[in-house]
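Engineer: Residue numbers (the numbering used here), protein chains in the order written: chain Z, 35 to 284; chain S, 11 to 258.
One or more hints might be untrue.
[Stated by the list, open to error] What follows is a set of in silico ranges between Cβ atoms, one per label pair, in the way DEER data are often shown:
hint, chain 1, residue 1, chain 2, residue 2, range
1, S, I61, Z, D203, 40 to 46 Å
2, S, K15, Z, F168, 57 to 63 Å
3, Z, E157, S, L18, 32 to 38 Å
4, Z, K167, S, M45, 18 to 24 Å
[Stated by the list, open to error] Derived DSSO-like pairs (lysine-lysine); straight-line CA-CA distance at most 27 Å:
hint, chain 1, residue 1, chain 2, residue 2
5, Z, K167, Z, K212
6, S, K236, S, K112
7, Z, K108, S, K224
8, Z, K105, Z, K148
9, S, K236, Z, K148
10, Z, K167, Z, K148
11, Z, K60, Z, K108
12, Z, K108, S, K236
13, Z, K148, Z, K52
14, Z, K52, S, K32
15, S, K32, Z, K108
16, Z, K105, Z, K191
17, Z, K249, Z, K205
18, S, K33, Z, K191
19, Z, K105, S, K33
20, Z, K191, Z, K148
21, Z, K60, Z, K105
22, S, K224, S, K32
23, Z, K60, Z, K246
24, Z, K105, Z, K167
25, S, K224, S, K112
26, Z, K166, Z, K105
27, S, K32, Z, K105
28, Z, K279, Z, K60
[To be verified] Taking beta-carbon pairs under 7 Å as the criterion, some of the chain S residues facing chain Z (in silico):
hint, residue
29, M25
30, N36
31, Q129
32, D131
33, A132
34, V135
35, G137
36, E183
37, E229
38, V232
39, L257
Since the hints were derived computationally from the structure, they do not count as laboratory data. All values derive from a computational prediction rather than experimental measurement. Note that the Cβ used here is the ideal one computed from N, Cα and C, for glycine as well.
What follows is the residue order along each chain.
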Amino acid sequence: MIEVNDIHKSFGDHEVLKGIDATFYKGQTNLIIGQSGSGKTVFLKSLVGLHDIDSGDIVYNGRALGSLNNKERKSLRTEMGMVFQGNALFDSLTIEENVTFALNMFSDMSLSEKRDRANFCLERVNLPNVAKKFPSELSGGMQKRVAIARAISMNPKYLFCDEPNSGLDPKTAIVIDKLLQEITEEFGMTTVINTHDMNSVIEIGAYIIFIKEGKKAWQGTGDDILNTDSPEIVDFVYSSELFKKIRGEH
Amino acid sequence: MLVQKWTLSLGRYMMLLARTFKKPENFRMYYRAFMSDLELLGLNSLGIVSIISIFVGAVVTIQTAFNLDDPLVPDYYIAIATRESIILEFSPTIISLILAGKVGSNIASTLGSMRVSEQIDALEVMGVNPASYLIAPKITALVFFNPILIMLSMFLGMIGGYLASVGGVMSTEDFMYGLTVDFNAYHITYALIKTFVFAFLIVSISAYFGFYVKGGAIEVGVNATKAVVSSSVAIIVSNYILTQLLLV
Ligand SMILES: Nc1ncnc2c1ncn2[C@@H]1O[C@H](COP(=O)(O)OP(=O)(O)OP(=O)(O)O)[C@@H](O)[C@H]1O
Ligand SMILES: [Mg+2]
């Protein structure tokens with residue numbers, strides 16, 4: 035479980051997060067939605083401590099991020115996996131080395147165990163036969179899936195994904211969504227996903243928060259979102275004709 | 011204003027160094043990084059260092075011969091002068107300046123691209139200390155290999171001088187005699203101390219400029235240039251200080 039209490043974050047005099055509260059439970063896929071530029075990425079990076087927040091606190095199962103010393107913070111981080119919006123793959127390493135990087139650093143698995151683990155993770159994201167390639171040799175969507183494989187390699191307790199299925203075709207996007215939901219439930223992870231994709235919201239949104247201009251404007255589940263009358267949500271979700279039709283049928 | 015900016019940068023540089031020399035998470039991974047940095051930063055410089063050293067050695071010999079063209083000064087003095095300029099200044103300082111350009115821009119732009127593509131953040135989230143994992147092996151590699159490069163450069167510089175004497179500026183016997191006469195081994199020690207310091211400055215300063223890039227491709231380029239300029243200035247200034255301390 036991750037508890038977020040009233041966090042604020044500014045860059046210079048531009049306040050991006052203006053007091054957000056949320057509780058992300060384990061074993062379910064928690065979604066952050068909001069317009070481009072609303073602060074989703076800043077929120078996710080604040081959660082993992084890549085941005086130092088100005089006030090508020092973030093508590094991982096009783097461990098407040100702000101009060102951890104270096105060593106405790108590092109050990110908490112070995113329990114985290116993260117997929118960056120821009121993938122952030124290590125471009126000098128092969129796909130297999132990317133996926134096994136954290137294992138090489140922190141586990142005492144044998145070479146063949148690590149290789150098996152990498153293959154397993156790559157197969158889960160539908161990417162067999164790329165282990166020996168370099169990131170630059172893969173398409174954008176394939177790179178995204180490698181980033182997901184890398185994030186889950188250590189069986190993290192906490193998984194953070196910044197738009198994991200942007201740039202993927204609808205079919206692969208659903209495969210990724212289902213994968214994230216499956217591993218979250220199977221391993222009891224606490225998963226937080228930033229997304230624009232309304233399909234994901236409806237398919238896997240166990241708990242959703244909607245960020246508007248740095249504030250939480252709505253929260254609820256994937257079912258709630260189809261029935262809510264909140265004007266902000268209606269405005270955000272039903273901006274496409276398709277979803278207007280879906281809402282009409284509901 | 012400027013002083014404030016410099017003090018701030020110096021503080022951040024010191025903090026980065028403190029982070030760099032934390033205990034590694036996994037020695038094997040660091041050793042692997044060390045080996046690949048040794049190749050990238052050290053072995054790959056062998057070619058350019060060799061060529062420059064031979065030619066400069068030859069030119070120094072010819073110029074010294076030209077300037078000492080005096081019947082009262084014995085010819086082997088030319089070799090002594092050549093030897094001393096190569097050992098004291100050319101090999102340790104000028105070669106380090108060339109490496110500041112070659113290695114420094116490489117380090118700053120590599121780390122800078124890793125920063126802007128969030129690879130450094132990715133390391134951080136994994137629980138790896140990116141300063142230590144990315145910078146410590148590079149510092150170790152160059153501090154270890156730079157003295158070897160410089161010794162090689164000294165040797166090849168003198169070969170260059172010898173070739174010049176074969177070419178006819180003076181007799182090869184005089185040249186060989188001059189290389190050995192009045193030889194002070196402390197000058198080699200002095201040169202090696204300089205190369206250790208220069209290697210450390212080149213890597214740490216360039217890494218600092220790469221590590222803290224903000225922005226995109228343009229800033230990576232700008233910081234790579236700053237890295238080369240700053241590490242060259244640092245070499246020149248510390249060269250003066252070390253010479254005062256060690257030779258005077
Ligand atoms: N490092 C930074 N320095 C200054 N401002 C920043 C920084 N990172 C983000 N911002 C600002 O914070 C705001 C929110 O950005 P953020 O990247 O969180 O948006 P987002 O919701 O993730 O958008 P998208 O859906 O397009 O990814 C933007 O106005 C952006 O300009
Ligand atoms: Mg974003």
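Engineer: Against this structure, judge whether each hint is valid.
Structural biologist: Here is what the structure says about each hint:
no., hint, result
1, S:I61 with Z:D203: 40 to 46 Å, "violated (53 Å)"
2, S:K15 with Z:F168: 57 to 63 Å, "violated (39 Å)"
3, Z:E157 with S:L18: 32 to 38 Å, "violated (49 Å)"
4, Z:K167 with S:M45: 18 to 24 Å, "holds (23 Å)"
5, Z:K167 with Z:K212, "holds (26 Å)"
6, S:K236 with S:K112, "holds (13 Å)"
7, Z:K108 with S:K224, "holds (24 Å)"
8, Z:K105 with Z:K148, "holds (25 Å)"
9, S:K236 with Z:K148, "violated (41 Å)"
10, Z:K167 with Z:K148, "holds (17 Å)"
11, Z:K60 with Z:K108, "holds (21 Å)"
12, Z:K108 with S:K236, "violated (32 Å)"
13, Z:K148 with Z:K52, "violated (43 Å)"
14, Z:K52 with S:K32, "violated (36 Å)"
15, S:K32 with Z:K108, "holds (13 Å)"
16, Z:K105 with Z:K191, "holds (18 Å)"
17, Z:K249 with Z:K205, "violated (32 Å)"
18, S:K33 with Z:K191, "holds (25 Å)"
19, Z:K105 with S:K33, "holds (11 Å)"
20, Z:K191 with Z:K148, "holds (19 Å)"
21, Z:K60 with Z:K105, "holds (24 Å)"
22, S:K224 with S:K32, "holds (24 Å)"
23, Z:K60 with Z:K246, "holds (25 Å)"
24, Z:K105 with Z:K167, "violated (34 Å)"
25, S:K224 with S:K112, "holds (22 Å)"
26, Z:K166 with Z:K105, "violated (34 Å)"
27, S:K32 with Z:K105, "holds (11 Å)"
28, Z:K279 with Z:K60, "violated (33 Å)"
29, M25, "violated (13 Å)"
30, N36, "holds (5 Å)"
31, Q129, "holds (5 Å)"
32, D131, "holds (5 Å)"
33, A132, "holds (4 Å)"
34, V135, "holds (5 Å)"
35, G137, "holds (4 Å)"
36, E183, "violated (52 Å)"
37, E229, "violated (16 Å)"
38, V232, "violated (21 Å)"
39, L257, "violated (42 Å)"
Of the numbered hints listed earlier, those contradicted by the structure are 1, 2, 3, 9, 12, 13, 14, 17, 24, 26, 28, 29, 36, 37, 38, 39.
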